[in-house]
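Protein chains: 2
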Amino acid sequence: MLMKAISGLVLICCLFSNGANAQTLEIIQQITDDYKKVQTHLYNELIPFWDRNAVDKQYGGFLTNFDANGKPIDMPEKYLNTQCRMVWWFSQLNMVMPNETYQHKAEQGVDFLIQYFWDEKNGGWNWKVEKDGSQIDKGKIVYGQSFAIYSLADYYISTGDKRGLEYAEKTFDLLQKYCADTQHGGYYENLEANWAPAPDGFNGGDRKGLDTHMHLMEAFTSLYMASGKELHKRKLIEIIKLISEKMVDHQSGSGLNQFDLERNTLPAINIKRTWNAEREGEKPADPTETTSYGHNTELVWLMVRALNAAGESIEPYKTMFKKLLDNAVKYGIDFENGGIYRDGLRKGGALVLEKEWWQHTESLVGFLTGYKLFQDVKYLEAFQAIWSFVDKKMINHQVGEWRRLLDREGNVIDGNISNEWKVAYHSGRSMIECERRLRELMQRD
Amino acid sequence: MLMKAISGLVLICCLFSNGANAQTLEIIQQITDDYKKVQTHLYNELIPFWDRNAVDKQYGGFLTNFDANGKPIDMPEKYLNTQCRMVWWFSQLNMVMPNETYQHKAEQGVDFLIQYFWDEKNGGWNWKVEKDGSQIDKGKIVYGQSFAIYSLADYYISTGDKRGLEYAEKTFDLLQKYCADTQHGGYYENLEANWAPAPDGFNGGDRKGLDTHMHLMEAFTSLYMASGKELHKRKLIEIIKLISEKMVDHQSGSGLNQFDLERNTLPAINIKRTWNAEREGEKPADPTETTSYGHNTELVWLMVRALNAAGESIEPYKTMFKKLLDNAVKYGIDFENGGIYRDGLRKGGALVLEKEWWQHTESLVGFLTGYKLFQDVKYLEAFQAIWSFVDKKMINHQVGEWRRLLDREGNVIDGNISNEWKVAYHSGRSMIECERRLRELMQRD
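Protein chains in written order, with numbering that gives the first Met the number 0: chain W, 0 to 444; chain V, 0 to 444.
Pulled out of the complex, with its shape left as it was, chain W reads as follows:
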């Protein structure tokens, strides 16, 4: 208790030392309010929404598409990444508050995954099936494989079901065998059904990206936590270093986007089987050098988590973390309307001013992590600017989930609660992670 009291003092001193007293007192009050709101949203809205609606009672696995009123939209297909994300969600819930219902929901998701997504011939996870599990697209997409590892490792930690670790490890082994680029380092990201690299260009065979590599880092973190194996730790550290050394513009504090196989930055194109390409289709390379504030702040907290799991010091990475957060504060936060912009210019300046759900979820966690690392009150202010916008405009409290897309002012562009890419992963994880971090701040008072 003494320690907690001292920590609380440190926090308060720190807050006071950084700005006007009235303002910082207000922030302390805000933390308490935010904590309550996050908690209410998580336990009274989000969790119940998915608990009621997620399981596909007809075919097994999970429903992924819900309209603005939270009603299921009949969706002919199931995607690997969202099926995995829901396995992850119920596994995570079972860790936060153990409950057989969550276990069973996760378990039936794993049953569906193994029965319908696992490629018995080539190994690995197919990309897409029909809602009843019939095969549609056997492509091996590393982004999807990473979510299989992440969810199955956490499922194993949560439930003890050995299939989770077994399949997570099998997937990891296949990635090493087929996707490691032994010429340049890093991983091939887009491969055919038989794990031969996809053609170049729109098929993405000749591209690497921060997004997929960051999600591999996230997956290897959980895998190492599940297995404790030296190899998994080693590959985790390798990808941490690869990302920090090659995939971030350290001068401006911006994550880079796309690369050729040698990891030279390239003008981004849309790549098949990505969220962007499914909305916009194929389009010519955009020479504008953009960066994603959502990815940059997500990278901070996922890398802190990865370093902690691997037992590596955070110190060598702190300058980079600070740069990434400061760039997002300076250019990404809309202090006028609240929220965080979708994309910016790599050298500085917001570019796409819409407000999309996932950048908000990840930046909330990123800024609370940033405050813990640096005790700089501006990260709490950034958190506050995002959260108040999310709470007022983005969350559909009546339904219990987040709208997908708003304009700068908060008017709804796409009010649907979930689609074949969204589900509970970003929103739910963000609320769990924020609740935990805010509680820690509260306990210091």
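Simulated from the structure, these hints should not be mistaken for laboratory data. Please note that the accuracy of each hint is not assured.
The list makes no distinction among identical chains, and a pair is therefore deemed to hold if it is satisfied within one copy or across any two copies.
[What the hints assert, rightly or not] Pairs of lysine to any residue residues, derived as SDA-like cross-links and limited to a Cα-Cα distance of at most 20 angstroms, are as follows:
(1) Lys-321 / Gly-69
(2) Lys-228 / Asp-118
(3) Lys-228 / Pro-198
(4) Lys-228 / Ala-195
(5) Lys-377 / Leu-230
(6) Lys-240 / Glu-261
A quick note: this is a predicted structure, and the numbers were derived from the prediction, not measured.
Chain W is fixed; fit chain V onto it per the hints.
Frame of chain W; chain V shown alone:
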């Protein structure tokens, strides 16, 4: 036949266009003489020597050490790489002239390998056993793993025994899983029994080298020829490009030697479980930038073989091949005494003037390959300078094998016919490859 006659004309025109007539006529005569001598040595001396002496009739596997008179030296240990090299040798002989005796000798070598060298617990091949197969050193040395892949793939091609391909593929998969460096590309080379990287320094955990990567290329070539799998071809092409882009000084035409994990050139140290370290022990880093004429010329012909197997064009690599060969002609060949020097300075100039067997074996093949690529008579002259020295001084014709080490003039320093690193791999392969190439030149006349 018409084609052969035309080719013969091309050869003769080419020879004549490059120098004095008398000299080139002499070289043509020499090719015929050399062919006969190589053939005699191979079939009447080398093959019978190993056919009589190689198999360890007491314990199985192969004997590796023989004195200057070709008498076996009792050796308490068996090494992975030389056991594999002898499996390769008898497999190769069975391809050149199919014979059940060779098959059986290779097969009993494979039996010994699988029974005593294969690590059932961790997978992969242990480094060293006692002569009866008892365990001594379970370290996983990629140099040794590469010879397991090379020999077992060729054993499969030669005999059809599926264990060959099965274990070659298993080894390849383990290399991808444990040894691929996913941060920088290339492979870790020195690992512990459980495939965790060895400590830095003398244990070599933090080093990469041309030698091991070149032998991986050699191994992946045979593996792809055996399996026909896209993955094996892809990894073969990756390592070809890695070596040519990162491990050769293209300006001087010298192979580089040692690297850190990022593939920056480092002053070489002796590394445990290498031929150098076993003779000389641990020693401080040598800041002298050396290159091996043996490796450089070996690289030329092994990479030509690899590119041909992968169906890749040789054209983009020809400038490098020419540079490597020209550097070796200029600084490596001892045109006064014959033979090729052991090591030189990377920027030019011979450094270690002793004459060791393996540099001679590989440069002979390298220069004949060079002549075929470039039709430059100086490569035939280089071949001739090496071969005449080998024939007169290095080969112990009475015994049937090559002495290990001579001084510059050809006086014997180490006259032993074989040791735990030597056996028939370099000498025997060189004579098979030279016989094939000289026959091709002969047939053109």
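Hint check results:
{"no.": "1", "hint": "Lys-321 / Gly-69", "verdict": "neither (38 angstroms within a copy, 70 angstroms between copies)"}
{"no.": "2", "hint": "Lys-228 / Asp-118", "verdict": "between (25 angstroms within a copy, 18 angstroms between copies)"}
{"no.": "3", "hint": "Lys-228 / Pro-198", "verdict": "between (34 angstroms within a copy, 18 angstroms between copies)"}
{"no.": "4", "hint": "Lys-228 / Ala-195", "verdict": "between (28 angstroms within a copy, 10 angstroms between copies)"}
{"no.": "5", "hint": "Lys-377 / Leu-230", "verdict": "neither (39 angstroms within a copy, 50 angstroms between copies)"}
{"no.": "6", "hint": "Lys-240 / Glu-261", "verdict": "both (16 angstroms within a copy, 12 angstroms between copies)"}
The structure fails hints 1, 5 (numbered hints given earlier, in ascending order).
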